[in-house]
Amino acid sequence: MMTFPNAKINLGLLITNRRADGYHDLLTVFCPVGWHDILEIVPSAVGHDTLEVGGNGCDCPPEKNLVMKAVGALRREFPDMPFVEIFLEKFIPDGAGLGGGSADAAFTLRSLNSLFSLGLSDDRLAEIAATIGADCPFFIYNRTMTGTGTGTTLSPTTVNFPEGGSIAIVKPPVGVSTREAYAGVNPRPAAVDLADIIARRPVGEWKDLVVNDFEESVFAAHPRLSEIKRRLYESGALYASMSGSGSALFGIFGKGDVPDIELEFEDCDCKIVPADIANSLSK
2 MMTFPNAKIN LGLLITNRRA DGYHDLLTVF CPVGWHDILE IVPSAVGHDT
52 LEVGGNGCDC PPEKNLVMKA VGALRREFPD MPFVEIFLEK FIPDGAGLGG
102 GSADAAFTLR SLNSLFSLGL SDDRLAEIAA TIGADCPFFI YNRTMTGTGT
152 GTTLSPTTVN FPEGGSIAIV KPPVGVSTRE AYAGVNPRPA AVDLADIIAR
202 RPVGEWKDLV VNDFEESVFA AHPRLSEIKR RLYESGALYA SMSGSGSALF
252 GIFGKGDVPD IELEFEDCDC KIVPADIANS LSK
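Residues 2 to 284, numbered by the working numbering, are exactly what the sequence shown covers, in order.
Hints are computed from structural coordinates only; laboratory data are not their basis.
Every residue gets a Cβ at the ideal spot worked out from N, C-alpha and C, and that includes glycine.
Do not take every clue at face value.
[Unchecked claim] List time: in silico SDA-like cross-link candidates among lysine to any residue, alpha-carbon distance up to 25 Å:
#	residue 1	residue 2
1	Lys230	Ser178
2	Lys65	Tyr183
3	Lys230	Gly205
4	Lys208	Thr158
5	Lys208	Ser236
[What the hints assert, rightly or not] Derived DEER-like restraints, expressed as beta-carbon distance ranges:
#	residue 1	residue 2	range
6	Asp194	Asp95	29 to 35 Å
7	Arg20	Met82	32 to 38 Å
8	Arg20	Gly55	33 to 39 Å
9	Thr51	Arg180	29 to 35 Å
10	Pro188	Lys208	18 to 24 Å
11	Asp124	Arg201	23 to 29 Å
12	Pro44	Arg189	48 to 54 Å
13	Met82	Asp268	40 to 46 Å
14	Asp123	Arg189	30 to 36 Å
Starting from the given sequences, assemble the full structure and let the hints guide the process.
Here's what the structure looks like:
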């Protein structure tokens, strides 16, 4: 079985509370975008689970890859599940705030559920996904969702994207530690109804309303990221932001307005995807 795990961007990200268990509560809108890895899962001929990774993710040992954690999570539920061979070709950049590893894990859960007719509902798959990583449940549903709590409490929403518009994603050669990003934020209650703004207001009105709380401290530590955001606006973006804790940034452009970002950002990984498919991607 072959599937194509996609990336996500965060449309706004507010850190609302630091919890007693050390985790943080947040408010965000997750949006799927068409930057894909390739995932193939077949029954094993060698009597145990294996993972072969090519592309951007080759540096991670297989046993630490979230794909194998997903296999292990399902095997605890179904001890007699057949062993599998997994082939993963990575195109979504790591350490970008685009959720590539989480997408791979979630698509692994969905693929195994289908391949072996396990009969798990999406809601049950999302519960299992939450034990793997906070972004994983979103990719089970793979449509625009409001995320609260640690990001695992999800509710469907929509985005008022410009018709025929595009999303330009820029991933510079900069690494941002998630621990570093969280250490620099000061949690506070959300002052806006983020989902309502994103669903109802035109993208051109988002600039001062839809914010990513990580940007202040991360931009201070990595000025290059602030420069990229500024250049996205100068290139005509209706809205630009960092995704997650970075280091990828994105700009939303109107129909026909997207610049040649690969020329503009020569040393970065770049991708342009249509905005009008982002409210729901195929599973």
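So which of those numbered hints doesn't the model satisfy? Violated hints: none at all, because every hint is consistent with the structure.
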